Structure formats: structure tokens, C-alpha cells
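Undergrad: Residue numbers (this note's numbering), protein chains in the order written: chain A, 1 to 295; chain B, 1 to 286.
None of these hints come from the bench; they were simulated from the model. Among these hints, one or two may not hold up.
What the hints assert, rightly or not - Listed next, the in silico SDA-like pairs over lysine to any residue satisfying Cα-Cα at most 25 Å (straight line): (1) A:Lys105 / A:Trp201; (2) A:Lys105 / B:Leu21; (3) A:Lys155 / A:Leu244; (4) A:Lys105 / A:Leu95; (5) A:Lys105 / B:Ser11; (6) A:Lys105 / B:Arg273; (7) A:Lys155 / B:Gly44; (8) A:Lys105 / A:Arg183; (9) A:Lys105 / B:Ala266; (10) A:Lys105 / B:Val12; (11) A:Lys105 / B:Val267; (12) A:Lys105 / B:Trp31; (13) A:Lys105 / B:Tyr274; (14) A:Lys105 / A:Ala198; (15) A:Lys105 / B:Gln272; (16) A:Lys105 / A:Glu188.
Said to hold, decoys possible - Derived list of chain B stretches under chain A, where covered just means 3 residues or more per stretch with a C-beta under 8 Å from a C-beta of chain A: (17) 43-53; (18) 93-102; (19) 205-215; (20) 227-240; (21) 253-262.
Here the structure is a predicted model, which is why all the values come from computation and not from measurement. C-beta: ideal position from N, C-alpha, C; glycine also.
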Amino acid sequence: MPGRRPPSRRVSAAGWSFIAPFLVTFAFVFLAPVVYSLYLSLFRDQLMGGNQFVGLTNYTAALTDPRFWEGAGRVFLFLVVQVPIMLAVALAAALAIDSGRLFGKRFTRIALFVPYAVPGVVAVLMWGFLYGERIGMVGWLNETLGSQVLAPLSKEWILVAIGNIVTWEFAGYNMLILYSALRTVPGELYEAAAIDGAGQWRVIGSVKLPALRGALVIATIFSIIGSFQLFNEPNILQDIAPTLISSSYTPNIYAYNLSFRGQQVNYAATVAIIMGVLTAVIAYVVQLRGTRRDD
Amino acid sequence: MAQSFAQPRRSVILTVLMAGLVAYSLFPLLWLLISATKTQDMLGDSFGLLPAGPFALFDNIAEVFTHQDGIFARWFGNTIIYVVAGAGGATLLATLGGYGLAKYRFRGRAAIFATVLGAVAVPGTALAVPTFLMFSEIGLTNTMWSVILPTLVSPFGMYLMWVFASEAIPTELLEAARVDGAGEWRTFFTISLRLLAPGVVTVGLFAIVATWNNYFLPLIMLSDRELYPLAIGLASWNADAVGIGAAPVFHLVITGAVITILPIVAVFLLLQRYWQSGLSAGGVKG
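The following block holds chain A by itself, in its conformation from the complex (with noise of 0.2 Å):
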């Protein structure tokens, strides 16, 4: 029964080195700055005496924050708000080309995936010229129409603009991983729905979601995430519209302003610790929530 043996030395000692390049650079670039983090939020530099251990002094600071949790409270309502309209979106698309049923199904598929291509920067910057009033399509529809229909750069509204280019992004992305989930449903379970007299929607409901679960937890997951590190969108719209964006508009702005404009270097640390926890826990609640139905 040579499949039973216990791996000999050799095959033990050749999966390590497999590993091993992959392992080192991990801890190099993953582990050490997360510890390296750790020590440094424990610390703070004081006008007298320099840097000090302060204990969890900077947890509780943090924690007592307005200005963080302005932030988080900010990317938390982006999140239950574009999360869910994105991946929708993301669904009926990949449902719909899965469905067979559309004219020029492989444009479609392409078409929408191109977004998630282009440069989160460039999209962010092309999007603001188009909300622009100066070179833009807002601009040019308000003068059109002769009134202020629109104002994606304002104060009321640069939320929602920010919303739809993330959604502009990462939908297709989405889409196209829900789709291959699709792909891999085996086609007698379509041949079995249809001799049970199964309609499109009676297929969709008891075939193709449950297939999709699993897409569906990863594509959330990755989407939470992105919410809570929210950054390129806003950074790069403050340069259109310094007013509206503040310094401490999301989390992630938060920590980069105090390492780097506010030399807070143990402070940042501690944002970016609580951000991250935040943000590992959510994911593995939903992750929990996700699989569990498995049953």
C-alpha cells in the first residue's frame, strides 16, 4: 500500500522548500510590520522625557476619537449602503450572461469587466473631470438643462460620487467572479430541474444561488474590506475638492495624515490596529454566516 506510508524525509523536507520562499517573504513584509505596529502603538513621544511606554494609553485615545470615529461611522454607512447595491448589480449581470439568453453575451462580459483594468487613479481622476463643472459631463447637463441638477462635488452628495466609482470599479470584477461560480455548476443538475418542470426563476432560486454562496461570501468579504480601507477615492477627489474631503474623512486617510503630515507615527499605528481588528472580524463574522447555512 505504497498511498498509506507516512511521507518519507525527502517528500517532508521537499514540501518545506516549496514553502520557504513564500513563508520568509511573509514574514518579512506581513508579520514583522504587524508586530513592529503593535510595539509602536504601546509607545508615545512626549514634549518632556521623548518616547515612552504609555501602555494602552493611544487604544483608549483612539477609541475616544471623534475624528476616528467620524471616519469609521462614514465608511461603515458606505459600506450597508454601496456594498450591497454593487454586488446586485454584480449578480443580475452574472445571471443574466449566465442565463444564455442575452444578444452578444461575450461583449457584455467584457465590457463590464474592463472597468476593474483601469487604474483605480485614472478612474478616480476621470470620474472627477466628468462630475466636474468645468470640463465635465455635470457641467455641461446642468447648463443644458439651465439648472443644478446635479452636484456630485458637494458637500451633500461627494459620498454618493465616491460610491458610484467604486461601483463604477469593481461590479464587473464581481460579476465575473459570480459568473465563473456559475460555470461550474454541472449541467445535469439543469437537465434534472428541467424534467421536474423547473421555471428560470425556480432554477435561479434553488440551483444557481446555492451554487453561488460561496462566490458570494468571498466577493463580500473582499468588498468589506475595501470599504473599511477606503482611501484612493476621496485622497485623490480632495485634490478637485479641498473643502469637502477632510483629513480625517475615512480611517485610512486618518492614520496616513498623522504619519505623514501630523509625524504621530504611534498614533497612525494604533488607527491603523484598530481598523485592521475592526475589519478581520467583520470579514470572519460574515465568513461564519456564510458557511454556515452549509449545513
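The hints should help you fit chain B onto chain A, whose structure is shown.
TA: The following block gives chain B in isolation, referenced to the frame of chain A:
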């Protein structure tokens, strides 16, 4: 083909609905392409979705490459270096690691797997500030290494390769090679790598796009304009264009954006057969 047994009827209504979504996806890009053919003056004075004024595309391209002593070409070259070293390295490490985890049993494997899977949930940007702080301590910031090294580790790429390798390579094949006396690395290069190809292309492409489009990491790591990749360079041109006493170069930002987009979109379109099959073949079964 999943539904070959009964070709469903095409639906005009569904197609029209989806055409709306396609238009939403493509119209900003159309606007960008058309705008790249305009002079700076015409950008504000004409309707965005129609060509207007003299055809200035080639003048714009020439100016993009000569503006500020031709720094755009430098940014382009830097981006290529970051992609080849960073994304290439990330693909290599993820492929070897995923293969090792999928096809070998040894002590500590479960712990490694749990750690890496946990790392998938740790957001890359949360890590960027701590990484900057550490790199700054050891003098790595503002070097090309500061952008390349963090790019090398892709826990999600490793996870994809692990799932893919589990399904694509039959363990009996490796057993047979062992019986024939082939070394593990020789087996990997002569047999396994071929079976892994669609997975490698998929992980590689997503690593390339992540590196080509990366903004946050180089933004915090680099202060020297000469080391910028395209994304940061373009954003800096845009930032030059606003504020007091600014000299807007919108036409250069727009044309530069087109030049930044084209290679990465071309790569995706040319290789789509491979990466789409790689995604479907097991990558995202969850």
C-alpha cells in the same frame, strides 16, 4: 457547456437592460478617449462625447513624453520594473507555496494554512502604514525595494493556487513520478507546472493588475518623483493643476491616463481565454 441540452431563447428586453449597464461601464472610457484628441482649450468648450476642434491626439502624446523633461517615460519604465519584479515574484512565490501546501503532507502545514488564510482577511492598506514605519526604520523607504518587497506576498494568490493545485494535479501522478525516481523539483518543472498553467496565468494577471494600478503603497513609500510609477505620476500632474497659481495640464493628465490604461487592458483582452478558464477551473469554488 452547462446548458447545451436546451438553447434558451434570446431576450430583447434583457439585452436592452444589460446594454444600459454596458453603456455605464464604457461611457467614461469613451469620454477619456475622445478627450485625449482635444486641445486643452477645447476640453472645456465642447461636448465631451463628440470630437471637436483640431485633432490634437498626436501633439498631446508628444507633449506627455516631453513635459517636465520627459519624466513620463521614466514613470512608465518604473511601472514595468515594479510589475516584472513585484507581480512576477508574487506569482512565483504563490505558485510554489500553493503547490507545496496542496500536494505535500508535513508537520506544521495546518498552522501555515491557517495563518495565510487569516492574512487574506488582513487588509493590505492597513498593513501599508506599519510597513512604511518599519521600512523607514531600516532605511528601505524611497527605494524601489520598498514598492517591490510588499508586492511579493499575495496571500489570496497563494490561496487561489492552493485550491487550483488541489484540483488540477492528481496525487497519483506525483506518486508515479516518485516511483520512477524523479526528484520533487524535477517533477514540479516537468509535469506539475504544465497542469498549473491556467492557474498561474490567472494569479499572474491579477498580480499584474494590482501592481500596475497600485496607488497607496508607492504613495507612502516614495518621495522621489524619479521613482514614481505611472499611477502616482498622473495623480501628481493632476494635483499640479489645482490650487493657487497652478498651471493646469488637464490634456496631459487625460492623454497620460489613456497611455496608462491601454497596456493593461490589452493584456487582459489578449489573455482572457486563459485567465477566465483559470478562474472557472476551481479558483473560486469557495
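Undergrad: For the pair supplied as a hint, A:Lys105 and B:Val12, confirm whether the alpha-carbon distance does not exceed 25 Å.
TA: holds, 12 Å
Undergrad: Going straight from one Cα to the other, do A:Lys105 and B:Tyr274 come out at no more than 25 Å?
TA: holds, 18 Å
Undergrad: Hinted pair, alpha-carbon criterion (25 Å max): A:Lys105, A:Ala198. Please report holds or violated.
TA: holds, 24 Å
Undergrad: Apply the coverage criterion to the segment 93-102 of chain B and chain A: a residue qualifies when its Cβ sits closer than 8 Å to a Cβ of the chain, and three qualifying residues are needed.
TA: Answer holds; 7 residues pass the 8 Å Cβ test.
Undergrad: Please work out if A:Lys105 and A:Glu188 have their alpha carbons no farther apart than 25 Å.
TA: Roughly 23 Å separates the two Cα atoms, so the pair holds.
Undergrad: Quickly compare the C-alpha distance for A:Lys105 and B:Arg273 to 25 Å and report which way the hint goes.
TA: OK: A:Lys105 and B:Arg273 at ~15 Å, within 25 Å.
Undergrad: Holds or violated: A:Lys155 and B:Gly44, Cα atoms, limit 25 Å.
TA: holds, 24 Å
Undergrad: Keeping to a limit of 25 Å between CA atoms, is the pair of A:Lys105 and B:Ala266 held or broken?
TA: Holds - the C-alpha atoms of B:Ala266 and A:Lys105 are around 20 Å apart, at most 25 Å.
Undergrad: For the pair we were handed, A:Lys105 and B:Leu21, check the Cα-Cα distance against 25 Å.
TA: Satisfied, since the Cα-Cα distance of roughly 13 Å is no more than 25 Å.
Undergrad: Quickly compare the C-alpha distance for A:Lys105 and B:Gln272 to 25 Å and report which way the hint goes.
TA: Cα-Cα ~15 Å, so holds.
Undergrad: Closer than 8 Å, Cβ to Cβ, for at least three residues: run that test on the segment 205-215 of chain B against chain A and report holds or violated.
TA: holds (count 4)
Undergrad: Decide if the proposed pair is consistent with the structure: A:Lys105 and A:Leu95, CA atoms, cutoff 25 Å inclusive.
TA: Since the Cα atoms of A:Lys105 and A:Leu95 sit roughly 11 Å apart, the hinted pair holds (cutoff 25 Å).
Violation of the numbered hints given earlier is absent; every hint is satisfied by the structure.
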